[in-house]
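Student: Letter by letter, the chains look like this.
2 protein chains.
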Amino acid sequence: MPYYIGDVATSNELSKYIVRPPGVFKDGHNIDIHLQHEVQHIDAKAREIQVRDIENDHTVIVPYDTMIVSTGARSRRLNIPGDDAPNVFYLKELSDAEKIKRFIDESKPSRAVTLGAGFIGLEMAEAFGYLGIQNTIIYRGLKPMGRLGDDISEMIIEEVEEHGVRFIQDASASSFTLDADGMVISVVTDKGEYPTDMVLISVGVIPNTEIAKAAGLALGESGALSVDDRQRTSNTHIYAAGDCCEVRHRITNKPVFIPLGDLANKQGWVAGENAAGGDITYPGVLGSAHFKVFDLEVGFTGLSCMEAEKEGIDHIAQTIEGRSKPRLYPGSSLIRVCLVAERKTRRLLGAQIAGRDGAAHRINIIAAALAGGLTIDDIVDLDLAYAPPFTPTIDPILTAARVLQKDMG
Amino acid sequence: MPYYIGDVATSNELSKYIVRPPGVFKDGHNIDIHLQHEVQHIDAKAREIQVRDIENDHTVIVPYDTMIVSTGARSRRLNIPGDDAPNVFYLKELSDAEKIKRFIDESKPSRAVTLGAGFIGLEMAEAFGYLGIQNTIIYRGLKPMGRLGDDISEMIIEEVEEHGVRFIQDASASSFTLDADGMVISVVTDKGEYPTDMVLISVGVIPNTEIAKAAGLALGESGALSVDDRQRTSNTHIYAAGDCCEVRHRITNKPVFIPLGDLANKQGWVAGENAAGGDITYPGVLGSAHFKVFDLEVGFTGLSCMEAEKEGIDHIAQTIEGRSKPRLYPGSSLIRVCLVAERKTRRLLGAQIAGRDGAAHRINIIAAALAGGLTIDDIVDLDLAYAPPFTPTIDPILTAARVLQKDMG
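In order, the protein sequence lines correspond to chains D and R.
Letter by letter, the first sequence follows residues 715 to 1123 of this note's numbering.
Letter by letter, the second sequence follows residues 715 to 1123 of this note's numbering.
Bound conformation, chain D alone (with noise of 0.2 Å):
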């Protein structure tokens, strides 16, 4: 949705957007589809639904075998008086996009603030440079995605800034001005008033699990629905699925709450596969996550130092920066690697990585390693292809393990 805002996508068609349109359940696949349908009570004990068709205001009782709830996430409000206002916009679902775009087409921002600087924070930091709209972001931490650490979210702080963003630490919105049309004209904060045009925002999600809960489905200390491998929720014949529910943490064993849409995907899969008699295991996650702010690309899978601290795993870690390939190689330049491992099994627990030329892909690299439990002196012995156009003879990720390897002896 970010590159739909900023048109930095071939298509300005939302209808495009949609990966499977509601016809093709049926003619595909045989599925009815029941949009504008309302589920409001789920009576687990008789194993039926109450849904309330809204269009026709009726609402009928409709039997089930197996359920999956899959009923997502929404957007986190801040509560902040005014953020109501018609200039206020959060970005979670198409609707949510169609209406930040129509209206930076209609009004013509010149100047937009942003709460918050996770994922949708920084990708709309650089939609709003792309289309020429001076963005300030207001993040209530001291750096963006500070979990990382500094090493990494420093190059994110650089990066905004070095577009034109201005990024205001440790502050935290109070208020909205309202002008004489309830239109939300400066952010008030602890830092400052900040004039603007418009609001972003984005300060994460929270699961949809009211109705879910009501029914005596078990929820995790996130407050997403517990589920099991097989995606099988406390109710033996309510399965669920996507961002409403956590998954394991393969590192830590322990379930988390990762709202993303690759595995919303890959859950569905196994729920699906399950609620119809299958028997496939979701296999959890590493917490494996890229993204790109203007020309920074940044990855980071499993465990960072400040998880692996929470954890309370002994740990050791090491930050280098190398080069994405040969110095006479144009578009070569710096990227900085940072590695976590346990230290007495010397296992890889995590990785970030932030550069511009291949830092996202090399995540990925990790993640495999994560995958097979590698150690340090494993990653060390990696056999990566080189060559020039690609990688330098030894890859950064290489000599990462290499300095890390030397530290822990």
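It is possible that some hints are incorrect.
Since the list can't tell identical chains apart, any single copy or any two copies may satisfy a pair.
What the hints assert, rightly or not - Derived pair list, reagent style EDC-like, types lysine to aspartate or glutamate, alpha-carbon separation capped at 16 Å:
hint	residue 1	residue 2
1	1120	987
2	1120	993
3	968	1023
4	813	798
5	857	884
No lab work stands behind these hints: they were computed from the structure.
Take the given structure of chain D and dock chain R to it, following the hints.
Tutor: Then chain R, alone, in the frame of chain D:
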């Protein structure tokens, strides 16, 4: 070197391509470097070498405690009459690159014939293309990189032909036609005669092992030096590293001759450490490599079908075509992934990937997976990062694994 010749690299000062000039060794590491000195004889019993100082035409005997043989490899010759003409070139040493560049600068050839379609032949096809030199590749086999399988090699042919290169399959050069000045003006093959202004012979390399062989060191089947996993030759006091020796393939556990720069670099570390009294091992290779020809990226690692076949491994393979990233993101393009797995153990044996956008980087995901001994089921379960600028929701590698998993039952 192809990037130096093709004016792709950011410098045309050849000295900049020398990673460590001789002075660095003396000043930085107190290592005496003797250039223009030819070792004529190794007396392994007496542990001394006979060295000729070429400039002063003077021969000395130098004793050693331990020795590292790193004599490299040289271009394979075809012994075709006329192949010593001044416009017939090889590309192995920096001096070769210098000669080719000088010839192109001074003689401004409009046509080049290349014999061979390996890394050098294909990378030089790109260089010739960028320089506006019409290139004809004459190849003995049917497909370039033929051992990779038709799915991949046909993409290479399409790519070079789209860029104006003539690719003559199944042809072999028998002689060169010379003009009065002794310059090659055409290449005569069993598939016709090809007029040209210059010839590049790139038909592989052969290891420089004559002197080591004369000293009684054991050679492998390939003709390169046999070494153990500590890079030690058959003589306790002599180590070897680089293009003159074999390496162990990690999948087959057999010695192979894979003369690549990054492997040579890593072998050097191991040989050096052990020759100095250390005890480290070289982990062997997967045969990982990637290269670029015009806009096509090709990567491979582990065993291809042809290699698995040759090793008598009961295997199953699947090639799929997917997208490098979501259809609507600029630069989204087709990417072909071929995965090979052992039927019985379901273990991944190797992969080839070709495409325009991240194909090369992706092969290193597989290299890491092979290092961990992952099965096809593990590949299906990889938690790879997803973001539209880099990857589709489900990466083509995962799609290929899923299809192969289905095939395997």
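Student: For each hint, tell me whether it holds in the structure or not.
Tutor: Cross-check of the supplied hints:
no. : hint        : result
1   : 1120 to 987 : between (47 Å within a copy, 14 Å between copies)
2   : 1120 to 993 : between (45 Å within a copy, 15 Å between copies)
3   : 968 to 1023 : within (15 Å within a copy, 43 Å between copies)
4   : 813 to 798  : within (14 Å within a copy, 71 Å between copies)
5   : 857 to 884  : within (8 Å within a copy, 60 Å between copies)
Taken one by one, the earlier hints all hold for this structure without exception.
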